[in-house]
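**Student:** Residues in the sequence shown are numbered consecutively from 11, following the working numbering.
Everything labelled a hint here was simulated from the structure, so no lab data went into it.
The reader is advised that the hints may include incorrect statements.
Label-pair ranges, simulated between beta-carbon atoms [to be verified]: (1) 133 - 90: 47 to 53 angstroms; (2) 34 - 65: 44 to 50 angstroms; (3) 34 - 99: 16 to 22 angstroms.
Glycine included, each C-beta is placed from N, C-alpha and C at the ideal position.
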Amino acid sequence: MNHIREAVVWLNDPLNWTNPGGILDRLGEHLTISALAVLLGCLVAWPIGLWLGHSGRGGGAVLLVSNVTLAVPTLALLTILPLTFLGFGRPAVVVALAVFAVPPLLANAYTGVRQADPEARDAARGMGLSGGQLLRRVELPLAVPYLAAGFRTAAVQVVATAALASFVNGGGLGQIIRAGFGLDIAAGGGQIIAGGVLVAGLALLVEAVLALVERVVTPRPLRRVRRVANWRAADATAGG
Numbered sequence: 011m012n013h014i015r016e017a018v019v020w021l022n023d024p025l026n027w028t029n030p031g032g033i034l035d036r037l038g039e040h041l042t043i044s045a046l047a048v049l050l051g052c053l054v055a056w057p058i059g060l061w062l063g064h065s066g067r068g069g070g071a072v073l074l075v076s077n078v079t080l081a082v083p084t085l086a087l088l089t090i091l092p093l094t095f096l097g098f099g100r101p102a103v104v105v106a107l108a109v110f111a112v113p114p115l116l117a118n119a120y121t122g123v124r125q126a127d128p129e130a131r132d133a134a135r136g137m138g139l140s141g142g143q144l145l146r147r148v149e150l151p152l153a154v155p156y157l158a159a160g161f162r163t164a165a166v167q168v169v170a171t172a173a174l175a176s177f178v179n180g181g182g183l184g185q186i187i188r189a190g191f192g193l194d195i196a197a198g199g200g201q202i203i204a205g206g207v208l209v210a211g212l213a214l215l216v217e218a219v220l221a222l223v224e225r226v227v228t229p230r231p232l233r234r235v236r237r238v239a240n241w242r243a244a245d246a247t248a249g250g
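Generate the whole structure from the sequences, applying the supplied hints.
**Tutor:** What follows is the structure, given as structure tokens:
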């Protein structure tokens with residue numbers, strides 16, 4: 011209980027928020043790293059996932075890439091990438107976290123296009139739309155809720171994992187935890203807990219905000235369809 015009380019005291023100290031290298035500085039670093047990583051993941055995963063979903067090919071490849079990427083520990087990437095031309099610091103962290111963000115972005119982009127109403131596709135083709143026009147005007151708008159869901163999952167995972175950036179001088183809220191470990195446990199235990207609370211709180215806040223965004227971009231009829239699909243999936247899992 012002493013460490014919890016120390017964490018509360020540490021978080022309520024204004025100097026720990028405003029000093030150089032304090033919470034506000036580390037929060038800015040954390041958000042910047044996370045945003046760049048998710049953006050890079052989107053730039054890589056979304057075009058590939060949308061095109062593969064449009065062509066109807068590559069479902070096995072998407073699953074393979076997702077599984078292989080998830081199997082690679084982020085800490086291992088953070089250890090290896092700084093030894094390349096990227097060097098220690100923010101670039102290596104952003105690339106490593108982007109790799110971690112790719113699986114949900116890629117899988118949801120592919121699934122979103124494949125779930126488009128076949129009748130809508132047929133009607134668009136009957137109107138003379140080309141393949142690219144079909145993707146842009148029909149399949150992509152229908153896939154937006156899935157893209158939002160993948161973005162939400164990737165963002166929360168990246169924000170939570172970005173705490174590891176401190177191991178390679180990448181900054182972020184993880185620096186607070188690392189600094190606490192640099193002290194003996196009696197002196198730094200409260201700071202370690204405070205850092206963990208900050209990371210967890212930020213991840214929960216991002217989850218809540220993006221859940222609201224996902225709901226806003228999902229048309230009302232699709233909300234009900236997706237809820238029913240989720241209930242059936244849950245029932246099937248429980249029954250299994």
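**Student:** Tell me if the beta carbons of residue 34 and residue 99 are separated by a distance inside 16 to 22 angstroms.
**Tutor:** Holds: the Cβ-Cβ distance is about 20 angstroms, inside 16 to 22 angstroms.
**Student:** Looking only at beta-carbon atoms, does the pair residue 34, residue 65 fall within the given range of 44 to 50 angstroms?
**Tutor:** 47 angstroms, holds
**Student:** Is it true that the C-beta distance of residue 133 to residue 90 lies inside 47 to 53 angstroms, as the hint says?
**Tutor:** Holds, at about 49 angstroms.
Violation of the numbered hints given earlier is absent; every hint is satisfied by the structure.
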